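Novice: Based on the provided sequences and hints, a complete structural model is requested.
Heads up, the sequence shown is in the working numbering, so the first residue is 2 and it goes up one at a time.
Treat each hint with caution, since some may be false.
[What the hints assert, rightly or not] Listed next, the in silico DSBU-like pairs over lysine-lysine satisfying Cα-Cα at most 35 angstroms (straight line):
| id | residue 1 | residue 2 |
| --- | --- | --- |
| 1 | Lys-290 | Lys-188 |
| 2 | Lys-149 | Lys-173 |
| 3 | Lys-208 | Lys-194 |
[Stated by the list, open to error] Derived DEER-like restraints, expressed as beta-carbon distance ranges:
| id | residue 1 | residue 2 | range |
| --- | --- | --- | --- |
| 4 | Ser-42 | Ser-120 | 26 to 36 angstroms |
| 5 | Gln-44 | Tyr-209 | 45 to 55 angstroms |
| 6 | Glu-94 | Met-174 | 16 to 26 angstroms |
| 7 | Lys-194 | Met-174 | 12 to 22 angstroms |
| 8 | Lys-194 | Lys-290 | 37 to 47 angstroms |
| 9 | Cys-275 | Met-174 | 18 to 28 angstroms |
Keep in mind the hints are simulated off the structure, nothing from the lab. It should be emphasised that the depicted structure is a prediction, and the values quoted were computed from it without experimental measurement. The beta carbon of each residue, even a glycine, is placed where N, CA and C say it ideally should be.
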Amino acid sequence: KDTLKRSASDSIRFVVNPNLNETRPLIVFIQGSGNQPIIFSDQEECFSLVESIIPKDFLRKYNIALISKPGVPICAPFENASKVWASNRGDYEIFCKNAYLDYYVSSTLQVIDFLRSQSFVDNSRIFLLGHSEGGIVAAKLAAKFPEKISKLVFMASSIFDRQNQTIANFRKMTNLRIIEPQIAQLKIDSVYKSYEYLKEYVMNKEKYFKEGDLNYYLYRYAYSFNYDPALNYLLRFNKPIFVVYGSLDNHAYELDMLPLLFSRANNNNLSLKCYPSYDHHFFELKYNKLGELIQQEYKANTVFEDIEVWLISE
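Specialist: Take a look at the structure:
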């Protein structure tokens, strides 16, 4: 049952792979943005999002929990899965009304508290892994409830607000001669103005939105992840943190700064690894001399191997 009371849904749904005869560490994997189901059906078989991301060795060694997005079916056909559920306006409303940072923190915490009460979970080894948007959720949860979390893995996520990435990409396109500097500056000025409007719209809901207007919730979602950056929480969490990201990830350039920021704060609990030529989802990308993509190979297994080595280290 969802105890937040503000949710239009009465429950929080998740999948976990317990071995009822064995106590194992718990990994709570917090997925990124989007509204896909966590189990896909493909003809006569089903597979979970966890199985497509996390190596099978992890499934044997850890309890792994993956939480469903509110209003999104746990299971749906692999083909056009998002369209299937989004056609139901009631489900879509539930998703919109609960898609914001603090709700995701609360729902994840409730799942952790439930699993902590189960005999198959080793409460001394509860690990948070958050990818992309999920990293921001994981950072805030870990900082607010450090007594419940042993270690934090921050994967390909952002430490500032998302507009930092947008602005950096406009500057990059200028340097690559893709757009003129004057055009880039106009676009950046537009980002500044939109940022101001975002706060205004959310702080003055009654002025700009009619009752039941789902657009308000879309603005609140953006506001929650832009105005509450993860860096503040990473610096507050005093237990081990492992940051992993790819050098070709447009969402993660700012992570190069983390060692400097942690040093400035006199924090020594950071481990960091950047994977050259990996993108946001840990595909290794190879280009020819003309800059054309000629090969991409999924290398998430390599990343998770490094994560496991770090998890079992002292």
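Novice: Each hint: holds or not?
Specialist: Hint check:
The suggested pairing of Lys-290 with Lys-188 holds, with an alpha-carbon distance near 30 angstroms, which does not exceed 35 angstroms. In summary, the hint linking Lys-149 to Lys-173 is not supported, as the alpha carbons are separated by about 41 angstroms, beyond the 35 angstroms threshold. Distance check on the hinted pair: Lys-208 and Lys-194 sit about 19 angstroms apart at the alpha-carbon level, within 35 angstroms; holds. The hint said 26 to 36 angstroms for the Cβ distance between Ser-42 and Ser-120, and at roughly 31 angstroms that hint holds.
At about 46 angstroms, the beta-carbon gap between Gln-44 and Tyr-209 stays in the expected band of 45 to 55 angstroms. The hinted range of 16 to 26 angstroms is not satisfied by Glu-94 and Met-174, whose Cβ atoms lie roughly 37 angstroms apart. Under the hint 12 to 22 angstroms, the C-beta atoms of Lys-194 and Met-174, about 20 angstroms apart, fit the expected range. Checking the proposed 37 to 47 angstroms range against Lys-194 and Lys-290 shows it holds: the Cβ atoms sit about 40 angstroms from each other.
For Cys-275 and Met-174, the Cβ-Cβ distance of about 22 angstroms falls inside the hinted range of 18 to 28 angstroms, so the restraint holds.
Hints 2, 6 from the list above are not met by this structure, while the remaining hints are.
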